[in-house]
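Peer 1: Sequence:
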Amino acid sequence: MADESDRTRAHVFVSGTVQGVYYRANTRDTAQEKGIDGWVRNLDDGRVEAIFEGSDEAVESMIEWCHTGSPSAAVENVDAEFEEPEGENGFEIRY
Numbered sequence: 001m002a003d004e005s006d007r008t009r010a011h012v013f014v015s016g017t018v019q020g021v022y023y024r025a026n027t028r029d030t031a032q033e034k035g036i037d038g039w040v041r042n043l044d045d046g047r048v049e050a051i052f053e054g055s056d057e058a059v060e061s062m063i064e065w066c067h068t069g070s071p072s073a074a075v076e077n078v079d080a081e082f083e084e085p086e087g088e089n090g091f092e093i094r095y
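Here the sequence shown is numbered in this note's numbering, starting from 1 and rising by one per residue.
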């Protein structure tokens, strides 16, 4: 496990056609492949919200991935804010 000082946390909101297109499942699978901890969930307003924790490089690449997302998604916007890591462990879909 990387030292906390080497980790960053991104709080991400994705808008567009991102619900009902396997966006969360693809996000989880991609995050696990990249060794990222955190979670992803649908919001009532149609957006997807996610937390990504990991190395700077892994988190940056995950944010880039969000611009495309799952094959059926039509992403309009990705808004990411960086925060202090909170020690997320594993990656899950939240409901």
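Check before you lean on any hint, since a few could be wrong.
[Said to hold, decoys possible] Restraint-style ranges between C-beta atoms, simulated for each label pair:
| no. | residue 1 | residue 2 | range |
| --- | --- | --- | --- |
| 1 | D45 | S72 | 11 to 21 Å |
| 2 | S5 | P71 | 33 to 43 Å |
| 3 | D6 | S72 | 13 to 23 Å |
| 4 | D56 | D79 | 28 to 38 Å |
| 5 | G90 | S61 | 11 to 21 Å |
| 6 | S61 | G87 | 16 to 26 Å |
| 7 | A74 | S5 | 35 to 45 Å |
[Stated by the list, open to error] Only pairs whose alpha carbons sit at most 25 Å apart, straight line, appear in this in silico SDA-like list of lysine to any residue:
| no. | residue 1 | residue 2 |
| --- | --- | --- |
| 8 | K34 | D79 |
| 9 | K34 | D6 |
| 10 | K34 | F82 |
| 11 | K34 | P85 |
| 12 | K34 | E76 |
| 13 | K34 | E81 |
| 14 | K34 | G87 |
| 15 | K34 | G90 |
| 16 | K34 | V21 |
| 17 | K34 | N89 |
| 18 | K34 | E83 |
| 19 | K34 | V75 |
| 20 | K34 | I63 |
| 21 | K34 | E84 |
| 22 | K34 | G20 |
| 23 | K34 | E49 |
| 24 | K34 | H11 |
| 25 | K34 | S72 |
| 26 | K34 | E88 |
| 27 | K34 | G16 |
| 28 | K34 | A58 |
| 29 | K34 | S70 |
| 30 | K34 | V78 |
Everything labelled a hint here was simulated from the structure, so no lab data went into it. Keep in mind it's a predicted model, so treat the numbers as computed, not measured. Cβ coordinates follow ideal geometry from the N, Cα and C atoms, glycine included.
Peer 1: None of the hints should be skipped; say for each whether it holds.
Peer 2: Comparing the hints with the structure gives:
no. : hint                    : in the structure
1   : D45 <-> S72: 11 to 21 Å : 20 Å, holds
2   : S5 <-> P71: 33 to 43 Å  : 36 Å, holds
3   : D6 <-> S72: 13 to 23 Å  : 35 Å, violated
4   : D56 <-> D79: 28 to 38 Å : 19 Å, violated
5   : G90 <-> S61: 11 to 21 Å : 19 Å, holds
6   : S61 <-> G87: 16 to 26 Å : 21 Å, holds
7   : A74 <-> S5: 35 to 45 Å  : 38 Å, holds
8   : K34 <-> D79             : 20 Å, holds
9   : K34 <-> D6              : 15 Å, holds
10  : K34 <-> F82             : 18 Å, holds
11  : K34 <-> P85             : 17 Å, holds
12  : K34 <-> E76             : 24 Å, holds
13  : K34 <-> E81             : 19 Å, holds
14  : K34 <-> G87             : 16 Å, holds
15  : K34 <-> G90             : 11 Å, holds
16  : K34 <-> V21             : 21 Å, holds
17  : K34 <-> N89             : 14 Å, holds
18  : K34 <-> E83             : 19 Å, holds
19  : K34 <-> V75             : 21 Å, holds
20  : K34 <-> I63             : 12 Å, holds
21  : K34 <-> E84             : 20 Å, holds
22  : K34 <-> G20             : 23 Å, holds
23  : K34 <-> E49             : 18 Å, holds
24  : K34 <-> H11             : 17 Å, holds
25  : K34 <-> S72             : 21 Å, holds
26  : K34 <-> E88             : 15 Å, holds
27  : K34 <-> G16             : 24 Å, holds
28  : K34 <-> A58             : 6 Å, holds
29  : K34 <-> S70             : 16 Å, holds
30  : K34 <-> V78             : 19 Å, holds
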